[in-house]
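A.B. asks: Chain A is already provided as a structure; the job is to place chain B with the ligands on it using the hints.
Respectively, the protein sequence lines represent chains A and B. The opening residue of the first sequence carries number 1 in the numbering used here; numbering runs sequentially from there. The opening residue of the second sequence carries number 1001 in the numbering used here; numbering runs sequentially from there.
Keep in mind that the hints were calculated from the coordinates and are not lab data. Do not take every clue at face value.
What the hints assert, rightly or not - Restricting the straight-line Cα-Cα distance to at most 30 Å, the calculated cross-link-like pairs of lysine-lysine (DSBU-like) are: (1) B:Lys-1016 to A:Lys-118; (2) B:Lys-1016 to A:Lys-123; (3) B:Lys-1018 to A:Lys-118.
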Amino acid sequence: MENIIELKDIRKVYRMGDEKIIALNDISLSFEREKIYCLLGTSGSGKSTLLNLIAGLEKPTKGEIVFCEEHIERLSEKQLALFRQKHVGFVFQSYNLLPTLNAMENVTLPLIFSGAPKNLRQKKAAEMLKAVGLLNRARHKPSQMSGGQQQRVSIARAFINNPRVVFADEPTGNLDSKTTTEMMDLITSIAHTRKQTLIIVTHDMEIASYSDEIIRIKDGLVESIERTKGETKCGE
Amino acid sequence: MNNLDVVSMCARSLLKRKLRTFLTVLGVVIGVASIVVMISLGLAVNDRFDKELKNMGDATVITVYNYGSVEMIDDAGQGLKRPAPVLDDNAVANFGRIPGVRAAAAFQQMYLYMKSGRYVLPGITVYGIDPKIMDVFYEASEGRLLEAGNDRYGMVFGINAELNFYKKSKNTWYSERVQQYWMGEEDQPRLVDLFNSAISVSIDSGMVFDSSETIPGLRPFQPIRAECVGVLKSYGYQADNAIFMDITTVRKLQADQRKREQAANDYYNAGSSVGVAASRGARQPVGYETVQVKCDDMKSVRAVSKEIKSMGFYAEFPSESLDSLQSMAAGMQALLGAIGAVSLLVAAIGIANTMIMSIYERTREIGVMKVIGAALSDIRKLFLLEAVMIGFTGGVLGILLSLFISYLLNSSEFSFFSVFTANLSQESDSVISLITPWLCGAAAFFSTLIGLISGYFPARRAMRLSAVNALNNV
Ligand SMILES: Nc1ncnc2c1ncn2[C@@H]1O[C@H](COP(=O)(O)OP(=O)(O)OP(=O)(O)O)[C@@H](O)[C@H]1O
Ligand SMILES: [Mg+2]
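Pulled out of the complex, with its shape left as it was, chain A reads as follows (with noise of 0.2 Å):
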């Protein structure tokens, strides 16, 4: 299949005064389209890191990134935001929705920032509100939703504008493991019939076994990349 994210000789290094942190240390891997991957390793050890440059939220010290045949590295902060706005969906941990609009508008944030018209806005939201199974929550503002539902809505918020490549770091970190169940299926399956590609970080094994593709790291490097057998389990 052919790849959509292509990293060649990644490195990054945070510079904390005299002291040198190898955050990654000449990774190469490559991600195929419509796949499930899974950043998987202890605390520490660059996962976020990595997310983070792969979706051009930082630049790497050294090496390529190749994403839709671009290579985002060399783009200008400017440019960035606008391949984020067309190619990348974001899922936080601690949902991040923003407090003032209600799930509504905070699903739509996207389409407003690239633009797009009102009753388009609010035919596409609609849609995925439903797919998330909150479309009677429209009107509630985060503080009247509980974490589950705030990260329904985060999901919904992420694939929006139909986006080439979710990112998700620590989806279920706040929530417990019947809600993560729920959401791993959610995402996965959302993810499969929209044919996205996936890349999940976390370092809970439970939910790697949702992946195609599981990437251990270690300490800034790729320790192994193992296929996990059969399909992935979306939502059976």
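C.D. replies: This is chain B with the ligands only, laid out in the frame that chain A set:
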């Protein structure tokens, strides 16, 4: 991101933090209101000065008076009195040669009585002017100006002079039209058809009041039949309410009048040596009463006036008496303006502070917006517009507040600027505080601009926040 969405998101974020928004806006309201009220006080004074100047007549005309003597301050600062030179044709010619002078004209002034059909005008100031140079000083709004040699009994009316005619009756002693004019009804109909009526003019009030006293041996004054040839444009209170005639005619009438007064004095004081002596003393005065000097422009007025004074004459120009008042008022205005400006500056700092606080508080939100696709310009717009909205709202409310304060000031008896305006005429429509549409527009514009400026750096800071750092910030 389209503009409507930016506006709606800003409005929400402002409404979310109601109290803080309110307090910041309040700061702007107070700042704007104080500067607008301060400026309005100044504008009111200026407006008053302007009206006053207009009533005083042509600003480029210097009037030289025949005062006999003039008080001078010499270089040593000592006051000395010396007789003024005679205001004769020679002096007029000299004035005409001063650089910056267009023309100088002698004026004689007297009080005459008029009658036209049923309408009477019991007394009006008539100026005698040299018809040859009348066009330097005046322009006609109707008809024409006096013509040399052609208008022995021709008259040119000041624009409001006709209002002084009224229909004669037993208990009418003044023209109601004049009264109504000053009450603000400036469109008064004409009673006398000026250009088609004969107007009798007399030096004797008896023609109007039918109570001519006769002095034995003196033939009563035969009223002259004059005609109106033109009406002037507006040239200040005095000219507007006067009539202009050929100076030769006026001087003849004045001589006749003096002769009669002397005869009357002689008659009534017959036997009293004091009276006789007094009446004998009343000789024909030397020179003209006043000379008006028309300058090329406002700029040359002061220099010309100085020159005339240095020749020993007493001269005055309209803005002279207002000059020192005006500079005093300007100083006061500058001070008040500075106070207003300081409060506006404080308001600007308030906006900047609020925006910076808001950015600290919303660092995470900014990070999220960046990650999910907000362009840098979107972030900047969002924060800039919030500051602009605070500035604009504060500006508009500040204008409303200052309109209210202005209303209170104007409706109260209290007059802050009475110090400056006390010796100016007390016009009924004069105000203490004057807020013009122009001032409102400027206030709204500047308060918005202040929002923009004080929001600029915070907005740039928000724009430059790194998305990842912002997200990790808890
Ligand atoms: N902005 C930064 N400045 C300095 N060091 C950093 C920065 N971000 C990450 N690091 C360091 O890089 C290393 C990798 O961090 P990263 O956040 O990628 O870990 P992680 O695998 O996501 O851990 P966790 O599971 O706890 O989220 C850590 O040692 C961390 O201290
Ligand atoms: Mg992490």
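A.B. asks: Each hint needs a verdict: does it hold in this structure or not?
C.D. replies: Now for the hints, and whether the structure bears them out:
no. : hint                    : verdict
1   : B:Lys-1016 to A:Lys-118 : holds, 23 Å
2   : B:Lys-1016 to A:Lys-123 : holds, 27 Å
3   : B:Lys-1018 to A:Lys-118 : holds, 27 Å
When each numbered hint is compared with the structure, no violation occurs for any of them.
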